[in-house]
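Starting from the known structure of chain A, arrange chain B on it as the hints suggest.
Here the protein sequences come in this chain order: A and B.
According to my numbering, the first sequence is numbered sequentially starting from 1.
According to my numbering, the second sequence is numbered sequentially starting from 1.
No lab work stands behind these hints: they were computed from the structure.
It is possible that some hints are incorrect.
Note that identical chains are pooled: a pair holds if it fits in a single copy or bridges any two copies.
[Unchecked claim] Calculated cross-link-like contacts (lysine-lysine; reagent style DSSO-like; alpha-carbon spacing at most 30 angstroms): (1) K217 x K169; (2) K257 x K317; (3) K169 x K222; (4) K289 x K217.
Note that this is a predicted model, so its numbers are computed, not measured.
There are 2 protein chains.
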Amino acid sequence: MDYQTYQLGDFKLVSGETLPNAFIAYKTIGDPSRPAIIYPSWFSGAISDNEWLVGEDKTLSPRRYFIIIPAMFGNGQSSSPSNTPRRPFPAVTIRDNVAAQHRLVTQHLGVRHARCVLGWSMGACQAYQWVTQFPGFADCAVPFCGAARTSVHNQVFLEGAKSALLAAKGASAAGLKAFGRVYAGWGFSQAFYRQRVYETALRYRSLEDFMQGFWEKWALSKDPENLLLMLAAWQAADCSDQEPYNKDFELAMRSIKARMLVLPGREDLYFTPEDSEYEVQCMSEGVGKCIPFPSIWGHWAGGPGLNPEDLEWLDNKLRVFLEDETTSMSQVSVTK
Amino acid sequence: MDYQTYQLGDFKLVSGETLPNAFIAYKTIGDPSRPAIIYPSWFSGAISDNEWLVGEDKTLSPRRYFIIIPAMFGNGQSSSPSNTPRRPFPAVTIRDNVAAQHRLVTQHLGVRHARCVLGWSMGACQAYQWVTQFPGFADCAVPFCGAARTSVHNQVFLEGAKSALLAAKGASAAGLKAFGRVYAGWGFSQAFYRQRVYETALRYRSLEDFMQGFWEKWALSKDPENLLLMLAAWQAADCSDQEPYNKDFELAMRSIKARMLVLPGREDLYFTPEDSEYEVQCMSEGVGKCIPFPSIWGHWAGGPGLNPEDLEWLDNKLRVFLEDETTSMSQVSVTK
Numbered sequence: 001m002d003y004q005t006y007q008l009g010d011f012k013l014v015s016g017e018t019l020p021n022a023f024i025a026y027k028t029i030g031d032p033s034r035p036a037i038i039y040p041s042w043f044s045g046a047i048s049d050n051e052w053l054v055g056e057d058k059t060l061s062p063r064r065y066f067i068i069i070p071a072m073f074g075n076g077q078s079s080s081p082s083n084t085p086r087r088p089f090p091a092v093t094i095r096d097n098v099a100a101q102h103r104l105v106t107q108h109l110g111v112r113h114a115r116c117v118l119g120w121s122m123g124a125c126q127a128y129q130w131v132t133q134f135p136g137f138a139d140c141a142v143p144f145c146g147a148a149r150t151s152v153h154n155q156v157f158l159e160g161a162k163s164a165l166l167a168a169k170g171a172s173a174a175g176l177k178a179f180g181r182v183y184a185g186w187g188f189s190q191a192f193y194r195q196r197v198y199e200t201a202l203r204y205r206s207l208e209d210f211m212q213g214f215w216e217k218w219a220l221s222k223d224p225e226n227l228l229l230m231l232a233a234w235q236a237a238d239c240s241d242q243e244p245y246n247k248d249f250e251l252a253m254r255s256i257k258a259r260m261l262v263l264p265g266r267e268d269l270y271f272t273p274e275d276s277e278y279e280v281q282c283m284s285e286g287v288g289k290c291i292p293f294p295s296i297w298g299h300w301a302g303g304p305g306l307n308p309e310d311l312e313w314l315d316n317k318l319r320v321f322l323e324d325e326t327t328s329m330s331q332v333s334v335t336k
Numbered sequence: 001m002d003y004q005t006y007q008l009g010d011f012k013l014v015s016g017e018t019l020p021n022a023f024i025a026y027k028t029i030g031d032p033s034r035p036a037i038i039y040p041s042w043f044s045g046a047i048s049d050n051e052w053l054v055g056e057d058k059t060l061s062p063r064r065y066f067i068i069i070p071a072m073f074g075n076g077q078s079s080s081p082s083n084t085p086r087r088p089f090p091a092v093t094i095r096d097n098v099a100a101q102h103r104l105v106t107q108h109l110g111v112r113h114a115r116c117v118l119g120w121s122m123g124a125c126q127a128y129q130w131v132t133q134f135p136g137f138a139d140c141a142v143p144f145c146g147a148a149r150t151s152v153h154n155q156v157f158l159e160g161a162k163s164a165l166l167a168a169k170g171a172s173a174a175g176l177k178a179f180g181r182v183y184a185g186w187g188f189s190q191a192f193y194r195q196r197v198y199e200t201a202l203r204y205r206s207l208e209d210f211m212q213g214f215w216e217k218w219a220l221s222k223d224p225e226n227l228l229l230m231l232a233a234w235q236a237a238d239c240s241d242q243e244p245y246n247k248d249f250e251l252a253m254r255s256i257k258a259r260m261l262v263l264p265g266r267e268d269l270y271f272t273p274e275d276s277e278y279e280v281q282c283m284s285e286g287v288g289k290c291i292p293f294p295s296i297w298g299h300w301a302g303g304p305g306l307n308p309e310d311l312e313w314l315d316n317k318l319r320v321f322l323e324d325e326t327t328s329m330s331q332v333s334v335t336k
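Chain A with its partners taken away, still in its complex shape:
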């Protein structure tokens, strides 16, 4: 097992319910004396599914940073329906996830300040949650292909995916395969399919081969109840749904102090660039910057390193931003 777990005990959730004997899985990479980077996992992703962006040749180098990868509740490594007998498994929000991560980071790892919180997709939602729930904890954040609040259309996409998962709850392979096929049209853009990039870049022989070899294989490797737990958190994600914002989304955005580099996928069909641009527009002057991935890989532009060009683009954006950040923010930290 290439990760550790931290016992949270009986963990009180936002809903008022308790997750008994809760635990959070995590992995750290690098020297704890370096500036901390918090890099939460994404919908369905394991801890190892974040490592494509970490390495000695990358911006997120263990020689420069102390990289902490916490796993979401429901990912199968942290407390999840698949590793916990309790039924019904209580609903868990993004806020619950970040509260647990904050305990892990501060109480267990002894980190009192982070250089950056970043993540892809639901990882990006958690980055937004971090900077609104614990203002001042991180100098900056880089949410890529994600959102501060799940848009209505995104919720609708998830309704379709959820329907297939509900059919899969009795351990039906057909339901999970349906989930994979429903997801397939959303994950990559129209142009990605138009140009048959699944053949040229990903080396699938045909569309059906891609459906089976990529999408169904991904879906069949997952536990439907785990996915449903994370999906509900995704649908409900809204970092303004907490004190002191009380669902005033514009106030939440305006209150962000961490410097934000927001990177949507230009052709992302559910976390759209329009939504990201609105988030940055709402931020205070000079706080945020929005730059879309110049990619036809849709949501997967920010995904687990499938496209070398997108990975290089992201890595460069991170490098420039974090180096700039190092200069400007270390002074800020000194004066705190």
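Leaving out everything else, chain B in the frame of chain A:
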């Protein structure tokens, strides 16, 4: 019953199979001596679901035109799994549909020339099929929110919808509801949901109310096997997949002689404006024109009259085009 049927006998399909005792349902509106308009039905649509665009106050007025609305195989009115005992029901293509419509129009209704073929969505696919399968039969065509060939991404969207339908084949309401919810994210655009038009214009109380009252209600009113038959025809749609084009798509587009007004939805997520623009680019000089609906109603911009603004826009575009057509094409007809 507000429509008639025409017996096709044992109808030979492109696949080589025969549809025994086949029949095609249709309705005509207006005087048969007027110029004919052929207006095929769409995926899941009944004949009456086309009538929103017809009326004495509209461009498609029965005082000016002889309007023929033929129903697709599988729509539940023409030969369909729901009204035919034969199993398995043989696969039927767009080309089969248009061949049957041609027999209805020429042999039964005695129409030898049409002013225009038009349609929404799969109706648009049939309009493309008409002008390539029977060149010269129609002066012009207006495919709106459809395509001459189903794009790969569109096929992928349908894979998800199909998965839900396959789960519904045992008459499971859950499967049909899942089909409706999968469709929901595709039918309208991100901006439609962002601006909550389902509340302001369509008067649903909430997103869940819209999911149930619009999407699930629509899905539950259909027969899953009928939908699967039409869906397969949709996925395979390609008007270049016939003699003399033999899958040379650019040749098929270049060969079109009918004047074409191609109207995609600007925010249509599966019949995208990019694909429509490419079709028109491939046509010979002066043959085609592409104008996107300036609408956030996504695919439903061209849909059954839900949005009065889109309906007015479409009706005006049709009026200008058909009046222009009347002048220029009647002369062409004379010289033929």
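Do the hints match the structure? See the list:
Taking the shortest alpha-carbon separations for K217 and K169, both the intra-copy value of 17 angstroms and the inter-copy value of 24 angstroms come in at or below 30 angstroms. In this assembly of identical chains, the alpha carbons of K257 and K317 lie at most 30 angstroms apart only when taken from the same copy (20 angstroms versus 51 angstroms across copies). In this assembly of identical chains, the alpha carbons of K169 and K222 lie at most 30 angstroms apart whether taken from the same copy (11 angstroms) or from different copies (25 angstroms). For a Cα distance limit of 30 angstroms, the shortest separation of K289 from K217 qualifies neither inside one copy, at 36 angstroms, nor across copies, at 43 angstroms.
In this structure, only the earlier hint numbered 4 is contradicted, and the remaining ones agree with it.
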